[in-house]
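Enquirer: Protein sequences appear in the order of chains A and B. Be aware that the first sequence starts at -17, since it is given in this note's numbering, and climbs by one per residue. Be aware that the second sequence starts at 2, since it is given in this note's numbering, and climbs by one per residue.
It should be emphasised that the hints constitute simulated quantities derived from the structure, not laboratory data. Even glycine gets a Cβ: it sits at the ideal position worked out from N, Cα and C. It is possible that part of the hints are untrue.
[Unchecked claim] Distance windows between CB atoms, simulated:
hint: 1; chain 1: B; residue 1: N54; chain 2: A; residue 2: C(-5); range: 46 to 56 angstroms
hint: 2; chain 1: B; residue 1: R62; chain 2: A; residue 2: D9; range: 22 to 32 angstroms
hint: 3; chain 1: B; residue 1: G60; chain 2: A; residue 2: E45; range: 37 to 47 angstroms
hint: 4; chain 1: A; residue 1: G81; chain 2: B; residue 2: K69; range: 19 to 29 angstroms
Chain residues, written in single-letter form:
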Amino acid sequence: GAVVSQHPSWVICKSGTSVKIECRSLDFQATTMFWYRQFPKQSLMLMATSNEGSKATYEQGVEKDKFLINHASLTLSTLTVTSAHPEDSSFYICSAAQGAGEKLFFGSGTQLSVL
Amino acid sequence: GESVGLHLPTLSVQEGDNSIINCAYSNSASDYFIWYKQESGKGPQFIIDIRSNMDKRQGQRVTVLLNKTVKHLSLQIAATQPGDSAVYFCAENGGNEKLTFGTGTRLTIIP
Chain A
-17 GAVVSQHPSW
-7 VICKSGTSVK
3 IECRSLDFQA
13 TTMFWYRQFP
23 KQSLMLMATS
33 NEGSKATYEQ
43 GVEKDKFLIN
53 HASLTLSTLT
63 VTSAHPEDSS
73 FYICSAAQGA
83 GEKLFFGSGT
93 QLSVL
Chain B
2 GESVGLHLPT
12 LSVQEGDNSI
22 INCAYSNSAS
32 DYFIWYKQES
42 GKGPQFIIDI
52 RSNMDKRQGQ
62 RVTVLLNKTV
72 KHLSLQIAAT
82 QPGDSAVYFC
92 AENGGNEKLT
102 FGTGTRLTII
112 P
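Next comes chain A alone, as it looks inside the complex (with noise of 0.2 angstroms):
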């Protein structure tokens, strides 16, 4: 099946810095890839959709100054916690599909511990 692959796995920082995280689609493109946020022991939930070429779109509550998200490419989709607390240690996902109804594919995850 298709590859996402999300880096980093894992990121501590201190509170105020800033973090990216990386998300690609290995061998296929995609116009359209989706960020999740997962606390604990808890369901995945849907931050934004990031669209190629144009400004994401955000699921109410969240805000978009503070999760930036730049879709540069069709494989590349970046997600930056801006000046990080530690209320945004999570667990954040990325999915993209090969085409419009297609399956989703997920990232590995990336843990993010604000100190």
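The hints should help you fit chain B onto chain A, whose structure is shown.
Expert: Relative to chain A, chain B alone:
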């Protein structure tokens, strides 16, 4: 709002037995459903999917059943193995390519 939920948060099954994980959905417009398996510290792994024009689909050791009348989805895993221990999520696509995930069921296989 629309939601996807699971009946049981945890399920323990003896190794070798069959397991059934259930999921209820409320968006009658959903036309595509997927089951994912998530192991600790990893991203969700695709297991099987089904479209609304079907009521059953089989894969390797897994079967998904869809009952649109009662908006119910189930995942059956045959002859469970220790490696099947994980959290299982159902997800629905309401037509806008966004997936809505259920709350998840933790499946534990007892040796």
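Enquirer: Please test the hint of 19 to 29 angstroms on the beta carbon pair from G81 (chain A) and K69 (chain B).
Expert: For G81 (chain A) and K69 (chain B) the Cβ distance comes to about 24 angstroms; the hint holds.
Enquirer: Can the suggested window of 22 to 32 angstroms be confirmed for the beta-carbon pair R62 (chain B) and D9 (chain A)?
Expert: Given about 26 angstroms between the Cβ atoms, the range holds.
Enquirer: Do the beta carbons of N54 (chain B) and C(-5) (chain A) sit within 46 to 56 angstroms of each other?
Expert: About 47 angstroms separates the Cβ atoms of N54 (chain B) and C(-5) (chain A), which means 46 to 56 angstroms holds.
Enquirer: Between G60 (chain B) and E45 (chain A), is the Cβ distance one that fits in 37 to 47 angstroms?
Expert: Since G60 (chain B) and E45 (chain A) have Cβ atoms about 40 angstroms apart, the given range 37 to 47 angstroms holds.
Hint violations for this structure: none, all hints satisfied.
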